[in-house]
Amino acid sequence: MQSLKIHSKRRTQIVPETIERNEQQPENQENVTHQELQAETATTPAPEPPIPPVPEPASAHDDFDWTINKRNISTYNKEEREKYDRTYDSTFKAISENELIRGIIVALTKTDAVINIGFKSDGLVSLNEFRDLQGLKMGDEVEVLVVEREDRDGHLHLSRKDARKMRAWQRIMEVHKSGEVVTGTVTSKTKGGLIVDVYGMETFLPGSQIDVKPVTDYDQFVGKTMEFKVVKVNEAIRNAVVSHKALIESDIEQQRADIIGKLEKGQVLEGTIKNITDFGAFIDLGGLDGLLYITDISWGRISHPSDVLKLDQKINVVVLDFDDEKRRISLGYKQLTPHPWDTLPEPIHEGAKVRGKVVNIEDYGAFLEIMPGVEGLVHVSEISWASAPVNAKEYFKMGEEYDARIVTLSREDRKMSLSIKQLTEDPWATIEEKYPTGSRHKGLVRNITPYGVFVELQTGIGGMIHISDLSWIKRFNHPNEYTRVGNDIDVVILNIDKDNRKLSLGHKQIEEDPWNTFETIFPIGSIHKGTVIRRDEKGANIQLQYGLEAYAPARHLKTAEGEKPIAVDDVIEVAILEFDRNDKRILVSHTRVTDQKKHEDRETAGKERRPEVEKTKKAVKNVQSKVEKATLGDLGVLAEIKQKMKESEHAETAGENSPSAKPEEGTPEPTASADSAPGGEPETESITGPSRDNPSGSAKDLPDASSETGEIPENEYQPGETTEKE
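The sequence shown maps to residues 1 to 726 in the working numbering.
Note that these hints are calculated values from the structure, not bench results. Do not rely on the hints blindly, as some may be mistaken.
SDA-like, lysine to any residue: derived pairs with alpha carbons at most 20 Å apart [stated by the list, open to error]:
hint : residue 1 : residue 2
1    : 265       : 213
2    : 213       : 291
3    : 442       : 459
4    : 213       : 251
5    : 529       : 557
6    : 498       : 456
7    : 314       : 289
8    : 558       : 498
9    : 529       : 558
10   : 353       : 314
11   : 189       : 175
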């Protein structure tokens with residue numbers, strides 16, 4: 001250790017403790033080092049001659065501690081040093097960020113409060129964070145949160161608001177675990193509920209958790225201080241949900257336990273209507289709710305409980321049943337009055353006429369309410385005397401009133417059957433007198449089915465026209481092709497079935513059967529014109545005259561070669577193949593007409609060719625009579641002429657025998673031998689081929705076979721041309 005020389009009142013003293021003290025105080029190290037450098041570099045003054053002491057007057061300097069050197073450093077012993085070290089260390093606190101710590105307000109400005117937390121510097125907190133404290137002054141102790149020990153400016157950053165939030169969250173977590181009841185103030189309204197200040201932290205109060213009753217006006221709770229229970233917390237976002245309803249339910253639960261412990265079936269209680277729904281009403285029995293079903297409100301039928309009950313109405317109810325475990329109570333209101341069937345008045349008996357309102361409609365009938373709680377059934381068979389079925393849902397209307405007659409009545413079973421049709425006389429009792437068989441009447445079309453038309457002649461009297469009895473000449477696929485519901489139609493009574501209450505009606509019987517006349521107009525084989533009205537793969541329906549329809553199968557609709565196929569709306573000629581007046585059926589054919597025309601054309605062509613054939617025969621005879629000895633060429637021409645004659649005769653014969661037969665053209669005739677001719681000479685017709693005088697063998701080289709008559713056969717030689725022999 002380096003020693004220093006210090007001059008004090010001409011005394012030189014070595015202070016080894018000084019350096020040691022300086023080492024223990026690092027904050028003054030820089031100053032000491034600087035002084036040491038000055039002391040070392042300074043020159044030592046020369047010793048002065050001794051001066052006799054001069055007495056000095058007493059002053060304050062006499063009290064100066066001359067043990068302190070020029071560096072203002074005093075020496076301490078070990079005990080003093082330890083004492084001062086402990087005192088110095090106790091003035092500092094070790095703090096960390098996000099730590100809650102209590103501090104003292106040491107100063108107040110217009111905007112901030114200066115708070116000392118025992119750190120090397122004080123912190124500033126805005127006065128806005130102390131608005132909940134009234135009469136804030138210096139010396140008050142407050143709790144703050146260390147946000148930052150040193151911000152970018154080197155200042156200590158404190159927050160009382162964040163400290164309150166952290167402390168409030170800690171307390172909320174504690175009461176959530178313990179279930180403790182807290183007190184909070186409703187500060188504002190938000191979507192779906194309210195905002196509640198609990199311990200300085202905002203929490204959410206849902207609208208469904210405000211009260212056990214539905215709440216619609218949230219504004220009435222703003223500003224109120226209420227008790228709550230923390231029901232849900234979210235530690236991630238530090239959010240809490242509170243409930244006031246939970247406190248009410250806990251009180252009600254105790255009341256429910258007391259009430260249920262005293263309940264008995266049949267017990268009559270007084271309650272207040274708390275809520276009304278479509279299926280019933282909830283009754284408040286003084287902390288416990290019971291359900292009054294709609295069927296237990298009135299002996300009669302009601303559409304809604306509000307027809308009898310009103311909200312907040314006080315009524316007496318009877319306990320029908322209750323469940324201790326589920327805490328459910330079934331109540332009754334109508335049970336407090338006697339059943340209407342037990343007090344049924346005497347005028348209501350079998351055969352009596354009553355009036356009731358429709359309270360229910362089913363497929364099998366309708367229920368009429370004669371008096372509250374007393375109903376009767378009108379079956380569909382008791383609505384009308386008509387045998388046609390009646391749709392109850394179309395006949396009756398809810399709420400309408402109808403007169404009826406009581407058919408059966410059972411007070412024990414509490415059942416009643418009613419009839420509407422028995423209020424009128426049965427029209428079927430005199431049906432034969434009013435509607436005899438064969439009589440004509442006009443009726444109203446009530447219903448149409450695929451097999452017929454139901455016609456009403458009068459109320460309760462009606463019958464059916466079968467589809468086959470609508471028209472003599474036309475077939476219908478469905479009756480609605482002829483008539484519609486609501487139309488009037490003329491009918492003839494065909495048959496009466498009084499036991500089954502049925503009438504058989506006819507419409508076509510109003511006119512005479514025209515098929516007797518049609519049989520003479522449309523005989524089999526006759527040809528008529530018709531219009532194609534329908535066409536399919538199997539055939540076509542042809543509209544003939546007088547409104548008749550005929551049918552042509554597909555094989556009878558073939559057309560001639562080159563003609564287009566038959567289509568709808570085409571007018572064609574057909575031949576009658578079959579006429580059945582019993583089944584009202586006509587079968588026709590267009591192909592038969594086409595084949596017949598072809599046959600007629602062949603006959604006409606044959607008649608036109610007969611004169612030509614006769615002329616050719618005559619020419620051949622002339623040639624045979626004039627030629628004494630035919631050459632080979634002449635015989636060839638004769639054979640050709642003979643061939644043509646045979647072909648003409650064959651065609652004529654085939655046309656007369658069969659319209660479809662066709663002559664075979666180009667078929668050569670067999671040649672006759674020379675021995676077959678009489679007298680041993682060959683016949684001229686049998687020799688063919690060219691001759692010496694006529695190498696070509698053409699017919700024009702022959703002599704004029706018709707020179708006597710002056711006629712020149714076709715394909716024969718011309719006048720003036722002769723053979724070489726001539």
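Consistency of the hints with the structure:
1. Using a Cα cut-off of 20 Å, the hinted pair residue 265 and residue 213 is violated, with the two alpha carbons roughly 27 Å apart.
2. For the given pair, residue 213 sits about 16 Å from residue 291 by alpha-carbon distance, which is consistent with the 20 Å threshold.
3. A hinted pair counts as satisfied when its Cα atoms are at most 20 Å apart, and residue 442 with residue 459 qualifies at roughly 13 Å.
4. Annotation: proposed proximity of residue 213 to residue 251 holds, straight-line Cα distance about 14 Å (limit 20 Å).
5. For the given pair, residue 529 sits about 14 Å from residue 557 by alpha-carbon distance, which is consistent with the 20 Å threshold.
6. Among the hinted pairs, residue 498 with residue 456 is consistent with the structure: their alpha-carbon atoms are about 16 Å apart, no more than 20 Å.
7. Between residue 314 and residue 289 the alpha-carbon distance is near 13 Å, which keeps this suggested pair within the 20 Å criterion.
8. For the suggested pair residue 558 and residue 498, the alpha carbons sit about 55 Å apart, so the restraint of at most 20 Å is broken.
9. Using a Cα cut-off of 20 Å, the hinted pair residue 529 and residue 558 holds, with the two alpha carbons roughly 16 Å apart.
10. Our distance criterion of 20 Å between C-alpha atoms is broken by residue 353 and residue 314, whose separation comes to about 40 Å.
11. At roughly 24 Å between alpha-carbon atoms, residue 189 and residue 175 are farther apart than 20 Å, so this suggested pair is violated.
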